[in-house]
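Model the full structure from these sequences, guided by the hints.
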Amino acid sequence: MEAVGPYLPIFGFWFLSVATFQIAWLISLSSRTFRSLGRPNKTEWISKILSNIHCVLATTGSIYCLFYDTNVKSDFVFGRSSLSDLIIDFNIAYWSFELVVILSNMKPMGDLVVMTHHVVAIGWLIISRKQGEMSGYGLWFISTEWSTFAANFRWFYTQILRRSLYIWNEKNRPKDHVTKSDGPLSSHDDLTMLEKDSMEVQAGSRHPLFLKQIELFGGLWLWLSYLTTRLGSLCFMFVHILYHWSTFTTSHKRVYIPLLSALIISICVSIYWFDKISSGLRRVAKEYREARQRLREKRKTEKTK
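Number 101 in UniProt numbering belongs to position 101 of the sequence shown; there are no gaps in the numbering.
You may find that some hints are simply not true.
As the list claims (entries may be wrong) - Capping the alpha-carbon separation at 20 Å, the derived lysine to aspartate or glutamate pairs in EDC-like fashion look like this:
{"hint": "1", "residue 1": "K276", "residue 2": "E287"}
{"hint": "2", "residue 1": "K48", "residue 2": "D111"}
{"hint": "3", "residue 1": "K253", "residue 2": "D75"}
{"hint": "4", "residue 1": "K298", "residue 2": "E287"}
{"hint": "5", "residue 1": "K276", "residue 2": "D111"}
{"hint": "6", "residue 1": "K42", "residue 2": "D111"}
{"hint": "7", "residue 1": "K107", "residue 2": "E44"}
Calculated from the structure, these hints are not laboratory results.
Structural data, given as structure tokens:
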């Protein structure tokens with residue numbers, strides 16, 4: 001029992017994630033959009049809700065420890081507290097649960113890059129937790145999850161308003177999303193789906209640039225979030241480690257080598273994501289400019305009449 005004791009919080013948080021997942025599923029049944037989705041997309045919907053809950057709890061707790069927990073902020077290598085251990089346990093449990101959800105829904109959610117992020121994070125957090133070292137850097141890594149809010153906003157916008165806010169993966173594009181390259185609607189089912197979205201139709205008719213403005217806002221928010229809280233923060237952590245290299249290497253090799261490897265992989269993953277986000281933002285900005293230009297031309301034509 002003593003050997004299992006340190007891992008009891010992880011098991012507890014894992015089952016808590018399962019329970020929260022089921023509760024969120026029941027609550028979401030009240031949403032018409034949720035009921036219209038297939039089971040794989042419903043699973044992804046609930047996963048995003050759970051992701052937001054994790055984002056708030058994990059990032060708030062980790063930032064608090066980094067700035068206000070005396071044990072952690074004074075020593076990133078060997079400093080730890082009961083709260084820091086609890087936050088790390090919570091993240092190990094959540095990421096392992098989400099990894100199971102992704103593996104069980106590979107078609108809509110399967111993404112090798114996301115899986116790499118989860119496996120790398122879980123692996124070195126477990127090592128760090130077992131050795132009782134590098135808690136500060138673990139919490140720093142967890143705090144970068146704050147950018148998840150912007151990514152989830154993009155996903156829910158896509159599902160609810162039937163628009164693709166930011167194209168980084170073509171399989172996330174709704175069937176009824178129409179752009180110059182997509183061509184006309186191809187089936188009666190697509191048309192029916194589009195007609196059901198009265199919110200989008202009304203917003204688009206009353207405010208022609210309303211949806212494009214939301215798209216541009218979401219794309220810019222996502223771009224800034226990844227630039228600062230994800231990519232920028234991870235790069236700054238790497239610089240911080242190099243600056244304190246002599247202290248960093250006083251920990252056990254089985255801890256700091258996996259940490260350094262995980263950090264480098266995470267930076268590469270973040271660069272990949274940021275490149276996709278940047279190209280998506282450029283596309284959204286171009287579409288917004290074109291929509292605004294068409295609106296100006298339409299108003300000029302109406303005035304001449």
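Okay, the hints, checked on the actual structure:
Restraint check for K276 and E287: satisfied, since their Cα atoms lie roughly 17 Å apart, inside the 20 Å limit. For a cut-off of 20 Å, the pair hint linking K48 to D111 stands: about 15 Å separates their Cα positions. Proposed proximity of K253 and D75 is supported: the alpha carbons are some 18 Å apart, at most 20 Å. About 16 Å separates the Cα atoms of K298 and E287, which keeps this hinted pair within 20 Å; it holds.
For the proposed pair K276 and D111, the alpha carbon gap of about 14 Å is at most 20 Å, so the pair holds. A C-alpha spacing of about 17 Å is found between K42 and D111, which places the hinted pair at or below 20 Å, so the restraint holds. Of the supplied pair hints, the one linking K107 and E44 holds, its CA atoms being roughly 11 Å apart against a limit of 20 Å.
In summary, this structure violates none of the numbered hints.
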